[in-house]
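Colleague: Chain order of the listed sequences is A and B.
Each residue of the first sequence is one higher than the one before, starting from 5 at the first, in the numbering used here.
Each residue of the second sequence is one higher than the one before, starting from 1117 at the first, in the numbering used here.
One should not assume that every hint holds.
[Unchecked claim] Below, in silico cross-link-like pairs of lysine-lysine (BS3-like), each with a Cα-Cα straight-line distance of 30 Å or less:
hint: 1; chain 1: A; residue 1: Lys325; chain 2: A; residue 2: Lys81
hint: 2; chain 1: A; residue 1: Lys325; chain 2: B; residue 2: Lys1274
hint: 3; chain 1: A; residue 1: Lys164; chain 2: B; residue 2: Lys1274
hint: 4; chain 1: A; residue 1: Lys294; chain 2: A; residue 2: Lys314
hint: 5; chain 1: A; residue 1: Lys21; chain 2: A; residue 2: Lys129
hint: 6; chain 1: B; residue 1: Lys1321; chain 2: A; residue 2: Lys169
hint: 7; chain 1: A; residue 1: Lys164; chain 2: B; residue 2: Lys1346
[What the hints assert, rightly or not] From chain B, some residues computed to sit far from chain A (all C-beta separations above 12 Å):
hint: 8; residue: Ala1121
hint: 9; residue: Val1168
hint: 10; residue: Ser1189
hint: 11; residue: Thr1249
hint: 12; residue: Thr1322
Note that these hints are calculated values from the structure, not bench results.
Computed from a predicted structure; not experimentally measured.
Beta carbons: idealized from backbone N, C-alpha and C, even for Gly.
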Amino acid sequence: MPRQVKILEEGIGEYFKVDPDAFRDSVSKKSRAMEPKLMDEHEAISRFVQDGDYIVWECNYLQRGPSTLIREIIRQKRENLWLAGKFTWVTVALLVEAGCATQADMGFFFSGPGINRAILEDRFKVYEYSNVVMTARLRAGAMGVPFIVVRSLAGTDGFKYSGAKIIEDPYTGRPTVIVPALNPNVALIHAHQADIYGNARIFGPGISDAESALASRRVIISAEEIVDTEDIRHNPKSTTIPFYVTDAVVHVPFGAYPGECGGYYASDTDHVMEVFSALYTGRIGEYLEKWVYSVSSHEEMLEKRVGTAKLLELTRRAIIKEGWKA
Amino acid sequence: MTTYATSFAEREFQVCVVSHLVEDSRTYWVAAGGGPMYAVLLAKRVHAPNAVYVTEDGIIAALPKLPLDPLMSVVSPRPAYRALMWTGMNTIGDHCSVGYMDYGILNTLQIDPYGNINSTWLGSYLVNGRRVTGPGGADSIAAMCWRTILMLDHQRRKFVSRVDFISSAGYLDGSPGARERVGLPRDTGPWRVVTNWAVFDFEEKTRHMRLIAVAPFVTVEQVLDEMSFKPLMTDSIEVLEPPTEEELTILRTGLDVRGQFMDASPRWVERHGEEWVLIPKEEAARERPAWI
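Only chain A is shown next, with the shape it has when bound in the complex (with noise of 0.2 Å):
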């Protein structure tokens, strides 16, 4: 006889929706030929990125994220994008008043007077999670799974504004708490190294740099260095990401700025203070144009907005080497 699993509760949000065989099926369309995939931000943005995807990036605006790959998405005017808003500080709103998204799975970000407007109008949706259980969702997406437990969440208001829902757990009987998992539709991951290949290498401490990857359909890998597969094999163990998983690599030095890359160089302090300025007084529209729209690409805006001077400097305060190589 069938027995019936109980749902004691659950929230309200939207959730993007969960297909792990889907998911699996556009994975079995990627090639799995050990092929070149060098390419530049604008190829990599048009080809990878579509209106109305869920993307997801990894670490932030300000550290070790995938700055420029932002910068790109919204030069290229994406809409209707819904984020994964996890550990991220300014990117969202940047995002949202750039036009480019209208949704976000919320853990963390800084909120301003712009984005505040957005979502009072309706014009900017968000459900509630945390940082945590965002990296759950996406190990479950990783794990190709339809859903995850976490010990976490329950008896929030945030519970009843997500996509979670509170069950009878069938092996303990008692109540449990389930997150949808979370299969992107892109993945943007800022690493160290990377081959031609897409075999990347992340140094130092992360959020969940290999769940984004592997749960994700499209895999963009921004990289300050490109290495020589010989390179890869000879610290395999430093291969965070492999070839496979990987659609795109664009080789960005400086692709982290105005933040920080652990080991090469070191936050753009100024820059920082301006963002932040920007987002909380309502001016996010004039960084956008100064550091997006008036330059045609990463490399103008290093020239024309960041200069040598600036970029030696940011490289001299990284001091601390050890750990963050191969």
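Let chain A serve as the given structure and place chain B on it in line with the hints.
Modeller: Just chain B now, kept in the frame of chain A:
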């Protein structure tokens, strides 16, 4: 010999009080940067060298290279320096979920009598008011650490009978087993609330917040006046010790070297003879030692 300080910021006092609660050879999951991290680092320098802390960006038992760059408190070489392990957020969550994290230390914006905290929305959710950051990792810290220490400013608008939004769970409605009934791990929950003026615990039966200690520079009446609900009270309310000169030196020369944390303090505190004087933030700027 202990020399008590006679001139300090209220927020420096608060960090010292939290640091006194830190036990040696215990594990702490702290919010990265700011008061929670300073409190553990201070305790490690003064009395608890083997206290271990982790942060949500996957750093376990670091010996951070101080001072930290402003805002660069996560995924960053200085705070990650000489750690025992570098991993990711899911692993830190696992360590907490299975029960390895003894304490969590969190900053919060708004709290209710049962230790439920809000960091998501001020006002009526989605109707008016404003979005704040969201819980970040705090939801998991508050749910899964054995004991949670909550830090907030002592202001009437922050101690409210109902928070505008429960971002991280305290004892929910205070009823017995309320946390367990929704699936949270048993025997967990808020343990202390530490403000710039007072320390609270949660009474065992009712799970209601209870005043147990006050700062030497305020009265119990002042503490209660700045709360919009009435806490329970212990029979004898302890008077906390002021910071020591040693603690302030470590804070100011090692941790908060740019004075950012001190700058955000609501008031400056000075001892004049037997009296403590509270100086408003705006005037306090003049009172600071010249080298800060």
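Colleague: Given the proposed pairing of lysine 21 of chain A with lysine 129 of chain A, does the C-alpha separation stay at or below 30 Å?
Modeller: holds, 16 Å
Colleague: Holds or violated: lysine 325 of chain A with lysine 81 of chain A, Cα cutoff 30 Å?
Modeller: violated, 37 Å
Colleague: Would the non-interface assignment of serine 1189 of chain B survive a Cβ cutoff of 12 Å against chain A?
Modeller: violated, 9 Å
Colleague: Once the closest CB in chain A is found, is it more than 12 Å from valine 1168 of chain B?
Modeller: holds, 15 Å
Colleague: Can you confirm whether the C-alpha distance between lysine 164 of chain A and lysine 1274 of chain B stays at or below 30 Å?
Modeller: Holds: lysine 164 of chain A and lysine 1274 of chain B sit about 23 Å apart, inside 30 Å.
Colleague: Does the no-contact call for alanine 1121 of chain B survive, Cβ to all of chain A over 12 Å?
Modeller: The assertion about alanine 1121 of chain B holds, with a minimum of 31 Å to chain A.
Colleague: Take a quick look at whether lysine 164 of chain A and lysine 1346 of chain B sit within 30 Å of each other, Cα to Cα.
Modeller: holds, 29 Å
Colleague: Between the alpha carbons of lysine 325 of chain A and lysine 1274 of chain B, is the straight-line distance 30 Å or under?
Modeller: The hint is violated at about 43 Å.
Colleague: Lysine 294 of chain A and lysine 314 of chain A were given as a pair; does the straight-line alpha-carbon distance stay at or below 30 Å?
Modeller: The hint holds at about 17 Å.
Colleague: So threonine 1249 of chain B supposedly isn't at the interface. Is its beta-carbon more than 12 Å from every beta-carbon in chain A?
Modeller: Threonine 1249 of chain B is in fact no farther than 12 Å from some Cβ atom of chain A, at 5 Å.
Colleague: If we take the beta carbon of threonine 1322 of chain B, is the closest beta carbon in chain A still more than 12 Å away?
Modeller: Correct as stated: the minimum Cβ-Cβ distance to chain A is 17 Å, above 12 Å.
Colleague: Hinted pair, alpha-carbon criterion (30 Å max): lysine 1321 of chain B, lysine 169 of chain A. Please report holds or violated.
Modeller: holds, 29 Å
Violated hints, listed in ascending order, are 1, 2, 10 and 11; each of the other numbered hints is respected by the structure.
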